[in-house]
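Since the structure of chain A is already known, use the hints to place chain B on it.
Going down the list, the sequences are from chains A and B. In this text, residue positions in the first sequence follow the numbering used here: the first is 1, and each later residue adds one. In this text, residue positions in the second sequence follow the numbering used here: the first is 1, and each later residue adds one.
Check each hint, because a few of them may be wrong.
Pairs of lysine-lysine residues, derived as DSSO-like cross-links and limited to a Cα-Cα distance of at most 30 Å, are as follows [what the hints assert, rightly or not]: (1) K65(B) with K17(B); (2) K17(B) with K69(B); (3) K100(A) with K71(B); (4) K108(A) with K57(B); (5) K17(B) with K68(A); (6) K71(B) with K18(B); (7) K100(A) with K69(B); (8) K49(A) with K71(B); (9) K100(A) with K49(A); (10) K71(B) with K17(B); (11) K68(A) with K100(A); (12) K108(A) with K49(A); (13) K112(A) with K49(A); (14) K57(B) with K100(A); (15) K18(B) with K57(B); (16) K57(B) with K49(A); (17) K100(A) with K112(A); (18) K18(B) with K100(A).
Chain A stretches covered by chain B per the calculated footprint, using a threshold of three residues with CB under 8 Å from any CB of chain B [said to hold, decoys possible]: (19) 54–66; (20) 99–113.
Note that these hints are calculated values from the structure, not bench results. By construction, the Cβ of each residue, glycine as well, lies at the ideal position given by its N, Cα and C atoms.
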Amino acid sequence: AQSVTQPDIHITVSEGASLELRCNYSYGATPYLFWYVQSPGQGLQLLLKYFSGDTLVQGIKGFEAEFKRSQSSFNLRKPSVHWSDAAEYFCAVGRYNFNKFYFGSGTKLNVKP
Amino acid sequence: EAQVTQNPRYLITVTGKKLTVTCSQNMNHEYMSWYRQDPGLGLRQIYYSMNVEVTDKGDVPEGYKVSRKEKRNFPLILESPSPNQTSLYFCASSLSRTGTQETQYFGPGTRLLVL
Chain A
1 AQSVTQPDIH
11 ITVSEGASLE
21 LRCNYSYGAT
31 PYLFWYVQSP
41 GQGLQLLLKY
51 FSGDTLVQGI
61 KGFEAEFKRS
71 QSSFNLRKPS
81 VHWSDAAEYF
91 CAVGRYNFNK
101 FYFGSGTKLN
111 VKP
Chain B
1 EAQVTQNPRY
11 LITVTGKKLT
21 VTCSQNMNHE
31 YMSWYRQDPG
41 LGLRQIYYSM
51 NVEVTDKGDV
61 PEGYKVSRKE
71 KRNFPLILES
81 PSPNQTSLYF
91 CASSLSRTGT
101 QETQYFGPGT
111 RLLVL
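Just chain B, with the same shape it has in the complex:
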């Protein structure tokens, strides 16, 4: 089944404790992206990647890191999480590197609480 998977789905952590949220897609998509969803703000793009080893900042990249070492995986790293990073996170992918022209397929989301 074609899908985008994220792990974990739920995570409670404490301020400053490094964490990684994994994202994987099995559709051979070029473009991958991370979003955070906050009430009243919709989804905001954190980082995106057009291909392996090609990543760039979205609108809210502060406090986050990403890497794209393999085409299928696009982990989101919070080196030192803070309470303002408490949010619902979505990973998405689309077929070609010009991802904003195409349908994005979303993962199920990761709900993060930083205490």
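If we strip away everything but chain A, and leave its shape as in the complex, we get:
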């Protein structure tokens, strides 16, 4: 069965500090990988996605993520966090020729002033 693991339920960082949110997936072949952000009371917005090619992908709001096949990981990073980045972040996985979609349990980011 497919699974997407986000091991950190809550993370707190200071404004201006760097951020890394972890995501691991279980799937034999190369998946389609996504990071979404959910601000309080809002729907989900795509930050970035990876399908193939360069394993370091750039997204909106200064986020980037790196696909590491050997570790089955797709970690999200930002070099300098802003207070407006406080939200919940979801990693998600799709598969070629398979129409189900799987989300991780989410990581809530708190930003200290």
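This is chain B only, laid out in the frame that chain A set:
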């Protein structure tokens, strides 16, 4: 404006009383999907549809029904709601029928409480 709309946004109901949550998109998307979001579980896919009259089960379809009679609409039906269906529901759509390869656009969510 390109968007996915859901109605109602908030709903309180009682056990066993049939309800429908509507979802509509104005982007001519092929793929549509319903998710429920529960604390600590993230989003779980309930049903999805690759095109008109083509629907299939996601990971948690029990207690739900869907239909896709028109491309733009994908209602979620709870024939006999139970308290364990209390949740936050999201509808999403993406451009082509192979929806898991593409960006999904999410509606604002429907918060359902079943008493």
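Taking the hints in turn, this is what the structure says about them:
1. K65(B) with K17(B): holds (14 Å)
2. K17(B) with K69(B): holds (23 Å)
3. K100(A) with K71(B): holds (19 Å)
4. K108(A) with K57(B): holds (29 Å)
5. K17(B) with K68(A): violated (48 Å)
6. K71(B) with K18(B): With Cα atoms ~24 Å apart, K71(B) and K18(B) stay inside 30 Å; holds.
7. K100(A) with K69(B): Judged against 30 Å, a Cα distance of about 21 Å means the pair holds.
8. K49(A) with K71(B): holds (26 Å)
9. K100(A) with K49(A): The hint holds at about 16 Å.
10. K71(B) with K17(B): holds (27 Å)
11. K68(A) with K100(A): Holds. K68(A) to K100(A) sits at ~22 Å (cutoff 30 Å).
12. K108(A) with K49(A): holds (20 Å)
13. K112(A) with K49(A): The hint holds at about 28 Å.
14. K57(B) with K100(A): Judged against 30 Å, a Cα distance of about 9 Å means the pair holds.
15. K18(B) with K57(B): Distance of about 20 Å is within 30 Å: holds.
16. K57(B) with K49(A): Holds, at about 24 Å.
17. K100(A) with K112(A): violated (37 Å)
18. K18(B) with K100(A): Since the Cα atoms of K18(B) and K100(A) sit roughly 27 Å apart, the hinted pair holds (cutoff 30 Å).
19. 54–66: violated (count 0)
20. 99–113: Coverage by chain B holds here, the residue count being 8 at a Cβ distance below 8 Å.
The structure does not agree with the numbered hints 5, 17 and 19 stated previously, though it agrees with the rest.
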